[in-house]
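**Q** Single-letter residue listing:
2 protein chains.
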Amino acid sequence: MPGSFKEIKYKMKENMIVRVSKTPLLNGDAVDAKREELRQYFHQTYSLYEALFEPITSDEAYFIRPEPLRHPLIFYFGHTATFFVNKLVLGKYIDERLNRSLESMFAIGVDEMSWDDLNQANYDWPSVQTTRAYRHKVRGIVDEVISSMPLTLPITQDQPAWVILMGIEHERIHLETSSVIIRMLSLDYLKPHPLWEPCRISAAAPKNTLLPVAGGCVTLGRGDNADTYGWDNEYGSKTVEVDSFHASQYLVSNEEFLAFVEAGGYQQLRLWSEEGASWLNYTKASIPHFWVKRNGKYFQRNLLDEIELPLNWPVEVNYLEANAFCHWKAEQTGRFIRLPTEAEWMQLRNMIDTDQPYWDEAPGNLNLEYFASSCPVDHFETNGFYDITGNVWQWTESPIDGYPGFEVHPLYDDFSAPTFDGKHNIFTGGSWISTGNEALKFSRYAFRRHFFQHAGFRYIEATTKEVPVEPVNTYETDDLVVQYLEFHYGDSYFGVANYPVACIETLLAKLPAINTDKALDLGCSVGRASFELAKTFSHVDAIDFSARFIQHGHQLQETGQSRFSIPTEGELVAFKETSLEQLGYTKEGKERIHFAQGDAHNLKPQFSGYDLIFCGNLIDRLHDPKRFLNEVHSRMNSGSYLVLTSPYTWLEDYTDKSNWLGGVKVNGENFSTLDGLKETLSQRFEFIEALDVPFVIRETARKFQHSVAQMSLWKLKD
Amino acid sequence: MPGSFKEIKYKMKENMIVRVSKTPLLNGDAVDAKREELRQYFHQTYSLYEALFEPITSDEAYFIRPEPLRHPLIFYFGHTATFFVNKLVLGKYIDERLNRSLESMFAIGVDEMSWDDLNQANYDWPSVQTTRAYRHKVRGIVDEVISSMPLTLPITQDQPAWVILMGIEHERIHLETSSVIIRMLSLDYLKPHPLWEPCRISAAAPKNTLLPVAGGCVTLGRGDNADTYGWDNEYGSKTVEVDSFHASQYLVSNEEFLAFVEAGGYQQLRLWSEEGASWLNYTKASIPHFWVKRNGKYFQRNLLDEIELPLNWPVEVNYLEANAFCHWKAEQTGRFIRLPTEAEWMQLRNMIDTDQPYWDEAPGNLNLEYFASSCPVDHFETNGFYDITGNVWQWTESPIDGYPGFEVHPLYDDFSAPTFDGKHNIFTGGSWISTGNEALKFSRYAFRRHFFQHAGFRYIEATTKEVPVEPVNTYETDDLVVQYLEFHYGDSYFGVANYPVACIETLLAKLPAINTDKALDLGCSVGRASFELAKTFSHVDAIDFSARFIQHGHQLQETGQSRFSIPTEGELVAFKETSLEQLGYTKEGKERIHFAQGDAHNLKPQFSGYDLIFCGNLIDRLHDPKRFLNEVHSRMNSGSYLVLTSPYTWLEDYTDKSNWLGGVKVNGENFSTLDGLKETLSQRFEFIEALDVPFVIRETARKFQHSVAQMSLWKLKD
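For the protein sequence lines, the chains are A and B, in the order given. The first sequence runs 1 to 718 under the UniProt record's numbering. The second sequence runs 1 to 718 under the UniProt record's numbering.
A couple of the hints might just be wrong.
Since copy identity is lost for identical chains, a pair holds within one copy or between any two.
Claimed, not checked - Each computed BS3-like pair below joins lysine-lysine, with the alpha-carbon atoms no more than 27 angstroms apart: (1) Lys-576 with Lys-465; (2) Lys-207 with Lys-715; (3) Lys-590 with Lys-423; (4) Lys-293 with Lys-703; (5) Lys-665 with Lys-92; (6) Lys-703 with Lys-665.
Hints are computed from structural coordinates only; laboratory data are not their basis.
Isolated chain A (complex conformation) (with noise of 0.2 angstroms):
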């Protein structure tokens, strides 16, 4: 029925009013249906962005930049379009590109989701008209994909089907985006629209009071099998223990928070923190960032008009201002005040039992069903709580980080990925203009703690000055380092076995009788066999001279997981993520180690008393591995065992020559590692037996150390 791209335009403008849509079902019995479905969606959210810029009155307005962090609008009018190309090209679902040339200048810009230096090239930007009649044959080539791609239900990440909810998804992220840059731009420039009509309420603030919310277990993420399109950092779950807590029963109004103002909260720098003193310094910021002060009276900036400000709207504030708010709020009261965490907020959010697509009608001033502007901060109510969701995007204390499990989409492998890095702050809940998946419970955003959206904030009071929140598993991306997490926790290549896990297991095989109370893990680089000990010994040290190895197995200890980008090829990654869950390891093992940082030349005295020190390819590192192997046997348990691995890679670098334990001409003959061995360590030592184990080390997708390691064991004599 809804045959070519041309009726489906037709009906578009007809229907140009209906701002309201639902994101997709990825089930369904009816392909048929759903692939009209998908074009529906499309379609509409073409319009709808298209629509967004209508209200420009002056094509010299797409050329400014009202946001000097941020393109000008042409960029942003010109890129949805641009990446739906791109990943379709990228999916390789359509051969060629339409414009190299404005393709490449639409193709990156500055992404808020994912980084904020700006770019500061010139730009040969083209004209709106150009840029108009490329969307519009994007907008065709998607339809005809959308006809003719294949589509079996539910919809799963790999099929073409995929890539267009994406394109829209982000599509509707810009929507929102752009309206900031919009709501930046000078009225000059813009006349109003009956699409995007504010709403016209505001009077003076209800006091707002703290109320009870009762702690308790919340599961955050959308899990594996979602029935709607999600992000990357939106799947997996995690459970995390919420202690009870009050929050605020509205969103902090504008009038609330010109008592902060007025109160001379931007001029006192011990309410703001370390970050947010510099961003202060660095703007001289004074007032919020959408308000405006003139002869003595404030107005607030929307998106197509200023008004007096709206003392009952909530206020539009960075995280570095609602955090300073809070804090001279916690000066004032003498309470732990403070924003929510993400998992605070979903207790929050869990009062509401609806989601979209399900809903009705919005439980909030959300997915456009009502203004095209904030409202009053107590008119959407659950529990008591007002805008739990819609209205503003809500600030956190949380830095965004991926759930256990996360994975990025081989087609956008760095939505998310780079801002983990604890300098993102999520913010919750959706704004008026929060869409499709963006209006979804489970929708997590995350902006530097700088930035503007249609963001203000809620408190709450804790019962303890401390925040719940866990430091951000940051993509580790030294190389060195991100080797080695790939040895330790990553994939077996060429079939060679996982070495730590190798290493631990033949010594065990080879040494049955072993006592297991006491073993040293020396050179533990990022732990992996210092959890393979911990399985069998009651208490494993895990020590490495690299603060930056050790962090890792610390790490992984205390969060489980630890992430790292791989490099594939040139300055290509991959991104990485190993999680003690998956590769076997229990709570009661992990909690066996303690990792140290600790030279092996100069072990403290608490480090003895073992039954077991395995050295995995560390004599080849130290400066003077004689003297290490002369001192062991001080730390170990009668009966105990020494066992070594090493490829004898000597390296001046490492070892003076003179200090090489073989590979070296002793009287003019071959004096090999083993031979050296053997005389160091034979007068405290039985020698047991050498035996070799390879082990690879992934450098690029195709380049890899192949080595074979010895592994001699030894026990010590009585």
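Guided by the hints, dock chain B onto chain A, whose structure is given.
**A** This is chain B only, laid out in the frame that chain A set:
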């Protein structure tokens, strides 16, 4: 019968005057008899060596250094005993050393056979008495080993008996070299000795004349299955075409050489090679080393006495002096006078139809069968020539080199290999004190050209100026070049097939219809792919940017072989050799290859008209790969193919990031090198296929680079 060491020792004393022995045959029927023959040969050698020191009248003499480039005699006295211990320990035929400290001092010295840089360290030498006691203990140990070792016939290189023979023959070498040092010791420390009776005859020298020697094919080398012990450098075989020449009837006598001295030969630098002039300048020599000029009269120092210059004895000089003499003689006569090559000497030697151990009487002043000194040059005649073997060693023009198939013995891997450096010249024929292996026809010894031994020379007259000496196959030691030689010509590791061969075989299988007139191997490195291509293509150009790589391909083409030492562990190396013949390449094939140094970015115009251009692991090492790919078609025939392989290891050291073909983000998206190849080549080439080809580059015995290259095949569009 000859039971205990004591009995044997007693017997040896009785037989002390028996200086003569023969090196044992390796084969035989009776194991017990062979064991006793070995025991006898050992004790005879050991006692004979000790007897060499008997003329010394004062222990003091053991600790002075008559030859500053050598250790004092005490070292040599202990060294030959320690050598037995070292090799038996290394071969694990005995478990423990006798005396670690003595053996450390006696182990490496200044082994004239392999190097001659003097260690200037101060040694705390043991006393003669201590050393003699040590020698005595070693004699007992070796005797025990001979009694208890397993023995089968024939004796092969992997048997302990081989190590016993190695120690014996080593001691026989030092019998000679120590006699040279004693010859430099002041006569104050020496007394006559019945065992070391010199020749007492001398007179005017006979007039030397040049006699014709017919040319022909000469086969050098003892082959692989000789019946006596041989050093590594004697094995294998090499056939050389020798032109007819004339050779001097006699060795050059003192009288003949005196004419050169008196003609101012030592003062006329034009007669000397560059090396000779440099030596002359350093030593200020004006007469032969063992001559003494006193009050205008010449004398000669022999082992234990000084006599009036015996005019008809052979002059003893180093190679540099012999060479200068020949230049002088050539000037005098206007003829091509020079030293013989090894092959030319062998052509003479072939006139004698016997060899030790088969002869009844030595065919020259050799094997201690006659004098403990030189004797007149006209004493031992064969076919009109005198002293073809014996009297003094005869310097040749040939720097020592292994024959094709050369392999080191694992227990003495540096006996010869370090002398294959172009700086050690062979001398032949043996001297009066050359015994055991030294007295054999196929023995080959070489020294630095400035060294003195009991050595002189015969000169020859050639028909052309050119000296028919091949460049030495020195052992390549450059780490990177060696890695590539092993990569191209060495062993397989981890079951991964030889990479250049696999590449060529794969591409030919994929391109069965290819025209096979002309191929280019661009980035040929050390050339294996070119030899492989030459099996199929009529003409192969092999080009690399690096001359140090290419020279090895070229050398293989020229000489058929290449040698290199690969690191095993630490500073230890293994000696490797490759030969085209062993690899199955024909003379016809290799002559189709033209090696040239060249830059892929700037090839000379003649490099064009190709049916195939193969670039193995090249593109990620070019500084501007795109430019290369955009130009390469101009060198290709219609319907020809371009084949690229690479692991795409882009590094800014080689290629500016802006020039990487891929492995980068392009417009925000991952852009692989294959994407980049397609983008760059698609206008002119049809993409056929891409497939993986693994390869392994060995770094040490336990460390390898294991990579997976992508091969892509492209057909030039018409």
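**Q** Evaluate each hint against the coordinates.
**A** Cross-check of the supplied hints:
no., hint, in the structure
1, Lys-576 with Lys-465, "neither (34 angstroms within a copy, 71 angstroms between copies)"
2, Lys-207 with Lys-715, "neither (76 angstroms within a copy, 78 angstroms between copies)"
3, Lys-590 with Lys-423, "neither (29 angstroms within a copy, 64 angstroms between copies)"
4, Lys-293 with Lys-703, "neither (61 angstroms within a copy, 70 angstroms between copies)"
5, Lys-665 with Lys-92, "between (59 angstroms within a copy, 17 angstroms between copies)"
6, Lys-703 with Lys-665, "between (33 angstroms within a copy, 20 angstroms between copies)"
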